[in-house]
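Undergrad: For reference, the chains in residue letters:
Number of protein chains: 2
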Amino acid sequence: MADHSEEPLDPEQLAAYFAVMEVAGLLRHGVEEQLRDEGDLSFVQFQLLAVLGLDSPAGSRSMTELADRIVFSRSGLTYQAGLLEKAGLVSRAPAAHDERGVTVSITAEGRERLERVLPGHVDVVRSLFLSALPAQGSAALTELLAPVRDHMRSQPPRSRTPRRRRGSSRP
Amino acid sequence: MADHSEEPLDPEQLAAYFAVMEVAGLLRHGVEEQLRDEGDLSFVQFQLLAVLGLDSPAGSRSMTELADRIVFSRSGLTYQAGLLEKAGLVSRAPAAHDERGVTVSITAEGRERLERVLPGHVDVVRSLFLSALPAQGSAALTELLAPVRDHMRSQPPRSRTPRRRRGSSRP
DNA sequence: CGTTGATGCTTCGAATTCGAAACAACTATG
DNA sequence: CATAGTTGTTTCGAATTCGAAGCATCAACG
Numbered sequence: 008m009a010d011h012s013e014e015p016l017d018p019e020q021l022a023a024y025f026a027v028m029e030v031a032g033l034l035r036h037g038v039e040e041q042l043r044d045e046g047d048l049s050f051v052q053f054q055l056l057a058v059l060g061l062d063s064p065a066g067s068r069s070m071t072e073l074a075d076r077i078v079f080s081r082s083g084l085t086y087q088a089g090l091l092e093k094a095g096l097v098s099r100a101p102a103a104h105d106e107r108g109v110t111v112s113i114t115a116e117g118r119e120r121l122e123r124v125l126p127g128h129v130d131v132v133r134s135l136f137l138s139a140l141p142a143q144g145s146a147a148l149t150e151l152l153a154p155v156r157d158h159m160r161s162q163p164p165r166s167r168t169p170r171r172r173r174g175s176s177r178p
Numbered sequence: 008m009a010d011h012s013e014e015p016l017d018p019e020q021l022a023a024y025f026a027v028m029e030v031a032g033l034l035r036h037g038v039e040e041q042l043r044d045e046g047d048l049s050f051v052q053f054q055l056l057a058v059l060g061l062d063s064p065a066g067s068r069s070m071t072e073l074a075d076r077i078v079f080s081r082s083g084l085t086y087q088a089g090l091l092e093k094a095g096l097v098s099r100a101p102a103a104h105d106e107r108g109v110t111v112s113i114t115a116e117g118r119e120r121l122e123r124v125l126p127g128h129v130d131v132v133r134s135l136f137l138s139a140l141p142a143q144g145s146a147a148l149t150e151l152l153a154p155v156r157d158h159m160r161s162q163p164p165r166s167r168t169p170r171r172r173r174g175s176s177r178p
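Which chain is which? The protein sequence lines are A and B, in order.
Per my numbering: the first sequence ends with 178, consecutive numbering throughout.
Per my numbering: the second sequence ends with 178, consecutive numbering throughout.
Some hints could be false.
[Claimed, not checked] Simulated coverage check for chain A against chain B, where a stretch passes if three residues somewhere in it have a Cβ under 8 Å from a Cβ of chain B:
1) 21-33
2) 123-137
[As the list claims (entries may be wrong)] A few chain B positions that, by computed beta-carbon distances, are all more than 10 Å from chain A:
3) Gly89
4) Arg107
5) Thr114
6) Ala115
Since the hints were made in silico from the structure, they are not lab data.
Fair warning: this is a prediction, and the values are worked out from it, not measured in the lab.
Ideal Cβ placement from N, Cα and C applies to all residues, glycine included.
Take these sequences, add in the hints, and give me the full structure.
TA: Written out as structure tokens, the structure is:
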């Protein structure tokens, strides 16, 4: 089990790995503070509103799409969607063609809240993150990371317990 | 309060921001699974052992250094350090010159555990992250992100409640 | 050396997070 | 259309996380 290639990472690769994790962590903290202070939102809640409001066809997504997009557990999403719904920022309704599914939609109030925090949010991202990037830095970053993201997304879709393999494995 | 520059981020910058956050999130999930399965460690615990074992002068750091480095709350660190100590992977002792401080050191057992999970950890990072980077990708990434990290680190040191400003502000 | 404020860490209670198990609706198969 | 397996979501209890408040020590200053 778990046969590992003995090769350690060279320091350069380790550094890249740690840099990504650390930058994301620091950025998240900075952003969380602003969101809490100015919009009474957690980062996850903001992400949900942002994905729904800024990057969804009709302001709607299925729970699974959201969980995979925002990157965390489905059960956690159920919880947060419940909070947002209670706050009137999103609504939930059974999915169109699949009775099991739930479609989450951002409400007008949700859009308001999003608009309210966005400027400050952008400020924080700018001052913490973008200001330390060189001229074409953000483009270069995206070019490097987008394929990585896509690659990872295509892997075991995250948040999905592989409840059992299809055919193989022992009875 | 909170005067915001109205300028929105251009899409390119937004994309970079989201890409970093998403890659870090996905990578963290992947890595967490492996650490849990093969080493019975949370990601935070692994980070603590890694910083102590691989990037600390004598395998020791103060609580504050660790909290700032690993990026999370001081109280959370107290909790995790407690768990690691109970598991015998680190030890805690009052700091040398400051009676208030606590110095955390990795134990032999801690190093063992670290060695045990490292190969699998490296495999995951490689297959999830590095494999999707082009040739000089990791170097380029580090070059871009290292200044960002340093910039952020120099900001309000994280995890430090600014309990009150020095002179200014109202009484 | 006493006072006042700053700093390092821990305790506390509340909120969030997770994975596993439970449910329910779908889908292929026979 | 009954059956068995799959998939979308929620429930559950346990573990982790947080920020605020609390404690103890340090440092500056009179």
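Undergrad: For a quick check of understanding: which of the numbered hints are violated here, in increasing order?
TA: Of the numbered hints, all hold.
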